[in-house]
Amino acid sequence: MRYSGFSVIREALRGNKGWKPVWRDPEPQSEYDIIIVGGGGHGLATAYYLAKEFGEKKIAVLEKGWLGSGNIGRNTTIVRSNYMLEGNEPFYEFSMKLWENLEQDFNYNAMMSQRGILNLCHTDGQRDAFRRRGNAMLLMGADAELLTNEQIREMCPFLNFDDARFPIKGGLLQRRAGTARHDGVAWGYARGADMRGVDLVQNCDVTGFVIENGVCKGVETSRGTINAKKVGVAVAGSSGRVMEKAGMRLPIESHVLQAFVSEGLKPTIPGVITFGAGHFYVSQSDKGGLVFGGDIDGYNTYAQRGNLPVIEDVCEGGIALMPMIGRAKLLRSWGGIMDMSMDGSPFIDKTHIEGLYLNAGWCYGGFKATPASGYCFAHLLSKDEPHKVATAYRLDRFKTGHIIDEKGVGAQPNLH
Amino acid sequence: MIINHPLLGPRDAQEFTYLGDASMIHRPHWQAEDAIDQFHDYTYLRDNPAGSHRELWFHEQGDRSWLVVTRNTLTHEIEKVELASDVAKAEGRSR
Chain A
0 MRYSGFSVIR EALRGNKGWK PVWRDPEPQS EYDIIIVGGG GHGLATAYYL
50 AKEFGEKKIA VLEKGWLGSG NIGRNTTIVR SNYMLEGNEP FYEFSMKLWE
100 NLEQDFNYNA MMSQRGILNL CHTDGQRDAF RRRGNAMLLM GADAELLTNE
150 QIREMCPFLN FDDARFPIKG GLLQRRAGTA RHDGVAWGYA RGADMRGVDL
200 VQNCDVTGFV IENGVCKGVE TSRGTINAKK VGVAVAGSSG RVMEKAGMRL
250 PIESHVLQAF VSEGLKPTIP GVITFGAGHF YVSQSDKGGL VFGGDIDGYN
300 TYAQRGNLPV IEDVCEGGIA LMPMIGRAKL LRSWGGIMDM SMDGSPFIDK
350 THIEGLYLNA GWCYGGFKAT PASGYCFAHL LSKDEPHKVA TAYRLDRFKT
400 GHIIDEKGVG AQPNLH
Chain B
0 MIINHPLLGP RDAQEFTYLG DASMIHRPHW QAEDAIDQFH DYTYLRDNPA
50 GSHRELWFHE QGDRSWLVVT RNTLTHEIEK VELASDVAKA EGRSR
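Quick note, the sequences are listed as chains A and B, same order.
Counting in numbering that gives the first Met the number 0, the final residue of the first sequence is number 415, and the numbers go up one at a time with none missing.
Counting in numbering that gives the first Met the number 0, the final residue of the second sequence is number 94, and the numbers go up one at a time with none missing.
Check each hint, because a few of them may be wrong.
Unchecked claim - Only pairs whose alpha carbons sit at most 20 Å apart, straight line, appear in this in silico SDA-like list of lysine to any residue:
no. : chain 1 : residue 1 : chain 2 : residue 2
1   : A       : Lys398    : B       : Asp33
2   : B       : Lys79     : A       : Ala302
3   : A       : Lys398    : A       : Ala302
4   : A       : Lys349    : A       : Glu243
5   : A       : Lys406    : B       : Trp29
6   : A       : Lys244    : B       : Asp40
7   : A       : Lys406    : A       : Asp127
8   : A       : Lys349    : B       : Lys79
9   : B       : Lys79     : B       : Ser51
10  : A       : Lys398    : A       : Thr350
11  : A       : Lys398    : B       : Tyr41
12  : A       : Lys63     : B       : Gly50
13  : A       : Lys349    : B       : His39
14  : A       : Lys168    : A       : Leu330
15  : A       : Lys387    : A       : Met83
For the record, the hints were derived by calculation from the structure and aren't laboratory data.
Generate the whole structure from the sequences, applying the supplied hints.
Below, the structure written as structure tokens:
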């Protein structure tokens, strides 16, 4: 069923009795052309683009739990393309362009809202760095504006401009950035893939890979062996655990990132705002809650929960930036597991095992990358060569020296 | 998390900074035949296990000793804490 304004009105008049389940719940077949392991945002987007853009048939997505049960449902929903390095920015700008047309493309309401992201700077040096990043963004086709304090005061009069330690000195604004409804993105891709014949198999745990003479021939699952010509793994957060079954060690550590929601408040925060002197980012959801986050906890973990010191640190950052939220109540906090890579950048690459492909290492920036990650992974799976904006995301880049270290902190995953 | 320091007793994990997998104690020999490959694996590749994990913590706001903490990455339970120097010496290093 195609969604439209007309279908919403028609169903409203009929008591909403005509809505059908949006995707099937198929039994896995014994063989596919392409299997995607992981039914999260990236896996579903990959299946969607494989079917829609690359004309692939006989595709399955295997998901251990339910669709969208990983980080696509646990993030702070920010969409942006404000990166600096050549390996990254064209990719994220490609993603931004896909976001801008996503709802029309998959005919589903993802509540994409281009409300802008404002990165605040607090020293002259940081402003110089932002100017450089802004220029890099412009050179690679994105939008960026360097704002003065007067311009920021007009947008956000509530900020703590004259803080003794961290006065605001300006900001880098990307107007096309914004937020999207995270679950809606997963559901839209799932529906679009299902409509094109992709089997979305839930409650199907991949327990191993069928590898013969260095060629991957399929996967072992909790619902039997499934053969495939190609297997793509998109399980960020659990990449280490899954690829271990293929005998691979990855340049990745798993860490927990916490996120928070306050009680619902009247509309105050116009877009996404980030604090440059600590680590704090905030936006306001359409329900009114402040959605915010900060640093990862900093130690290896697969537990989807963090510890209290980080909660305190994040809230301190928030109150330093906007003292007015000091009396808002924190409603919920949760944690998601991140693939923290050794240079803070992801991987979309073949592995040394023929027929086995990897999409991993998204650190805590995977949500904004969802469309481009799916598109580029589909490109790689279908054509066996990387998409032109994803050529830098190679697994061997540490060996060849082509690291993409946006933050410049070296091989220390908990600092990225 | 509370880390039971072998010398100082139970200390809040906030006093420590985290480095990562304790395999970093085993720095490859720079003159090895395949030193480049060994250093690549040493610097960049990790086991990243779900379960028991041996890892290096630095008591930065305490006695500035390095500890090898064995911690469960699924539950955050700390199973064992040793001085990194003891671990290194037990494995034949001079310090």
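Results of checking the hints against the structure:
no., hint, verdict
1, A:Lys398 x B:Asp33, "13 Å, holds"
2, B:Lys79 x A:Ala302, "19 Å, holds"
3, A:Lys398 x A:Ala302, "31 Å, violated"
4, A:Lys349 x A:Glu243, "16 Å, holds"
5, A:Lys406 x B:Trp29, "28 Å, violated"
6, A:Lys244 x B:Asp40, "18 Å, holds"
7, A:Lys406 x A:Asp127, "15 Å, holds"
8, A:Lys349 x B:Lys79, "38 Å, violated"
9, B:Lys79 x B:Ser51, "10 Å, holds"
10, A:Lys398 x A:Thr350, "14 Å, holds"
11, A:Lys398 x B:Tyr41, "12 Å, holds"
12, A:Lys63 x B:Gly50, "19 Å, holds"
13, A:Lys349 x B:His39, "19 Å, holds"
14, A:Lys168 x A:Leu330, "32 Å, violated"
15, A:Lys387 x A:Met83, "17 Å, holds"
Hints 3, 5, 8, 14 from the earlier list are contradicted by this structure; the remaining hints agree with it.
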